[in-house]
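*Asks:* Here are the chains, one letter per residue:
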Amino acid sequence: MNSTRYVLIFVLTLTAVVAVMLTSLREATKTQAALNEEIFDKRAILKAVEDHLSGGAEVDDLSDDEVLSIFESNFEQSVIDPSGEIVDGMKAEDIDMAKEKKKPEEERVYPLYVYSPDESSDKFYIVSVRGNGLWDEIWGNIAFEEDLNTITGATFDHKGETPGLGAEIKDNPAFSADFKGTKIYRDGEYVSVTVRKGGARNETYEVDGISGATVTADGVTAMLYSGIKKYEPYFDKIRKK
Amino acid sequence: MAAETATKEKEPLLAFGKKERTLLTDPLNDNNPITVQVLGICSALAVTSLVVPSVVMAIAVIFVCAFSSLFTSLLRNYIPKQVRMIVQLVIIATLVTVVELTLRYLNFPIYKQLSVYIGLIITNCIVMGRLEAFAMANKPWRSFLDGVGNGLGYGAILVMVAVIRELFGKGSLFAGSGIEMKIIGANAGYWINTTENAWFGWYANNNLMVLPAAAMFIIGILIWIQRSYNEKLVDIS
Amino acid sequence: MGEFFNIFIKAAFIENLVLAYFLGMCSYLAVSKTVKTAFGLGLAVIFVLGITMPINWLIQENLLSEGGLLGMDLTFLRLILFIAVIASMVQLVEMVVEKYSPSLYNALGIFLPLITVNCAILGGSLFMVSREYNLTESVAFGLGGGFGWFLAIIAIAAIREKIRYSNVPAPLRGLGMAFIITGLMGIAFMSLMGIDPAAFASN
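Protein chains in written order, with this note's numbering: chain Z, 39 to 279; chain B, -5 to 231; chain V, 599 to 801.
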């Protein structure tokens, strides 16, 4: 047995060494890491409208600079508040959904991206949603066609779902592809899209679940329902115009 | 003369003799971390529904296991017994965080893929189990080899289970990577297309294989097979 | 009180950490040869889960979250801090067991320190965060989860004690059979998933 003093000194030295090492490494890599993350997030948003990219390009083939330039020229970014009004002077990419989720509901703001391709006058509205999976947070970008009802693409991501099971929401392209063409309104009533265990029964409002990942799939359903609902006031205003 | 014998007895720093070789090969069979030592089962259940995550996990565990063994062994004479677990965990967690930060800097998509495993690596009992059982009492080089060996033994079982689960559960191999092979299934593009091929019309993917329970059965059967060949492992009790 | 009870029942039976989520498997399989050692380890897990859960809750709310004492979002430290709390609690348990029951200490061997990396305990804390429990709920979840783990290990230890007298093929005896039994128990527990005790209470 060592003396208490030795134990204390040992633990403190170890903590100090590790803390200094990790902090300096983090500081040294911070800027590049932030840029990498920004490009990664933007690729995820682009992926939601992949079908409508200029010249049929695929997101994975685009270089980092191309991604940034598409965002510069073809994207309109705005931030909306719970009543559906656009908040002045804010950009969608500056919104951290994880932080927004912790605020009281009336104070939250939501990012909105509007994509207009070069060749046509179409507009696509991309909204961000966030919820909980089995282990930790899950989130996604949902792109709507101009009717603000039909989903034209979706991408999902997660913090720590089980690889091969819950993580399939991100890794299995078939899961997000299933969302294409689904609708969120049934006879004018908001129903959102449901992830159905054992296979979709109505392909317009449901998508196939992932076997072995019921909790994550239910998390996606709940996230879509409450997440898209937040944009409803804004959608109503656009439709009236 | 006396000085000469002394140098002969002192082993070279990076010796690789018979003892060192057994450190690497033992965990592959006689002392396999999963089927004999019963370590690292949770992560084995979690990642083995697909082959690619299993391979990634195996590589990550080999790396973390080897280097945490090395560092723990270097510090072994200084670590106070009262706080040894926390110290071991700090070493493991630091190592994992260093890898995480470096990848974030170099290649963000790969970091995203790996970040999911981080919790699983830190709580993987193989790493801490080997630190407790081996690295705390052995020299650095041997501890390092022991770490590599145990990582390999773990990875071998992981990939075996994953191949069975993915093939029968999803009909594919290496899904989610560039070399995805679609072996058997109901859609075009599979090697054996069950809708077109009349002989295989009855075949459907086994959903049980996707559940964690299937990994329990497969590991149980692997233990059965292994012990039929390796009789000294048979549990008499 | 009703809510406390609901979460306890749900964590212990419906969402049993071992049999529904397959967490904490290593020590569960390795220390379930006899009911006696299983009992000791089960109690240790109840204690560690029951006590780390509220401590980790306090850390999460007061230190790591943005509204906490430091006013910074420190959630990237969550894993390390949670596991440090667990490690210190396990170290405490180890010292107590070593002092008062040396025979149990020897029987548990390496699996006592390995409770630290028992995924059930860290998993419980992560579940608690993602489900946004409050303090009392996290205590209920910790105790319920621990109790469920305790029951599961007692159950398999009892089965393993009985199955010793059955005619199992020699290479499958012991560990191999334990894996297969756990798989079967897990499938049986799947039928409980999705039951909501709160729904019964309100009817």
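Among the clues, some could well be false.
Said to hold, decoys possible - Computed, partial: chain B to chain V, Cβ under 7 Å:
1. I80
2. L83
3. M122
4. M210
Derived from the structure by calculation, the hints contain no laboratory data. All residues carry an ideal CB built from backbone N, CA and C; glycine is no exception.
*Asks:* Going through the numbered hints above, which ones does this structure break? Give me the numbers in ascending order.
*Replies:* none
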